[in-house]
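Colleague: Residue numbers (full-length UniProt numbering), protein chains in the order written: chain A, 1 to 268; chain B, 1 to 268.
By construction, these hints were calculated from the structure, which means they are not laboratory data. We put the CB at the ideal spot given by N, CA and C, even for glycine.
Part of the chain A face toward chain B, derived, beta carbon under 10 Å:
(1) LYS104
(2) ASP105
(3) ALA142
(4) VAL146
(5) THR199
(6) ALA203
(7) GLY215
(8) ASP216
There are 2 protein chains.
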Amino acid sequence: MARLSLNQATVKRATVAEAVEGCVRHGIESIGLWREPVADHGLERTAKLVADAGLRVSSLCRGGFLTATDNRAALDDNRRAIDEAAALRTGTLVMVVGGVQGDKDLVGARHRVADAIAELSGYAAQAGVVLALEPMHPVFCADRGVLSTLSQALDLAERLPSVGVVVDALHVWWDPDLDAQIVRAGPHIASYQVCDWLTPVPADVLLGRGYPGDGDIDLVRLTRQVAATGYAGDVEVEIFNAAIWAAGFDEVIGEVARRYREIVEPVL
Amino acid sequence: MARLSLNQATVKRATVAEAVEGCVRHGIESIGLWREPVADHGLERTAKLVADAGLRVSSLCRGGFLTATDNRAALDDNRRAIDEAAALRTGTLVMVVGGVQGDKDLVGARHRVADAIAELSGYAAQAGVVLALEPMHPVFCADRGVLSTLSQALDLAERLPSVGVVVDALHVWWDPDLDAQIVRAGPHIASYQVCDWLTPVPADVLLGRGYPGDGDIDLVRLTRQVAATGYAGDVEVEIFNAAIWAAGFDEVIGEVARRYREIVEPVL
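Take these sequences, add in the hints, and give me the full structure.
Modeller: Here it is as structure tokens:
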């Protein structure tokens, strides 16, 4: 399981210490952290905790939310997020770029994202951090992420230093152009995340994620394609799901490891 | 309001007779019908009712659901739907092509759709009916429609006789390639449908539609683009929304007409 990473959001109620302990207990060598629980535990303390446990930090979630017409405060916050990623010794800051801002101007919002990422990329490069742009499933276009396809994210990653992309199965699986865009993404993939798409979509669409294997995504095919690009980084399991959040951490982390070994690892 | 069409699903609880009466009362000259209420009223009786009221039938909803590995029964049902469209004197059968079939084989499902549409297109041409392929928002890829973009639908419409596309604002608004695909769609647009995307998405994602103007879609921009292609057909207002379904038909139809006059008609 050398490349499995537990994204902390999968055990949302766990503290940083509990998540780290769970990884160690289950032989998981890498963790994806979130800013809020890291702040709760303390940035330097978290860096030490993770290092002492022998874990890698596969990514920090998350920067972004850059679509406001006045995004100066957001840019400052993103610089802090870059510093935090560097302090945690991860080279990957996941970026959820923000949605339409109530003015119906999707085209304008996308331009503001491109400008903001360009502005942040120099700072990120100096810090040794890649801004990992996460294309979001179009169901989140209005409120979370106006980058809707891998193609859009790659248009930025190809022309800016220290900018990469996240391939999150849930966000990209439906894309008719996925095969070609995964090939194109190869050198720019900063993070590969897996979970599954559940049908019917639950009452809160944000929580429509299941364990790998429980939904409609062909994760074997996708993982094989990502591996074929030469991507050699961690594979994060990131699941937002009310029932999984309500379950015991140990049970959840064990199931994550089991699904990874069963579905993902054989085709890496 | 010469080009406004009331899609019957907007007043889901209304019978065909009630929907037709509402159109006449509000000066709406066209209606989009659904197969089930038409069957309830009787096919020939509906054709006569609509003709006597002086209404056009802008479309019949819906054929499709062709992704099963054995789709012979579905093909038969689609031939009946084509016959029904012809009997109702509409040239447009809206096609919702079907989702992934539980086997995670999205690529295979898309191939089956292409084959099935090719098989049906000759029959449709003979009946004088256009199969109007409706790209569905990717949130419906698993359970309703594996055609996720206008580009995919156009790949079929461009090479098959009697095959066109539906531009439904709700399904296409997020697409980063929308501007170019609308231009490409020009001669193939068989139906233009409007409603709005509501945020947050309600508990049933199918019902996340609002009156034009109430959500995040720039319908003025989109309508202008559709009009610029030379599209001269009807504009259907199709809204799935629990609160709108619970309201009185007269109130709803009046509001549909008001929004159309306010937002759509000025830019047609």
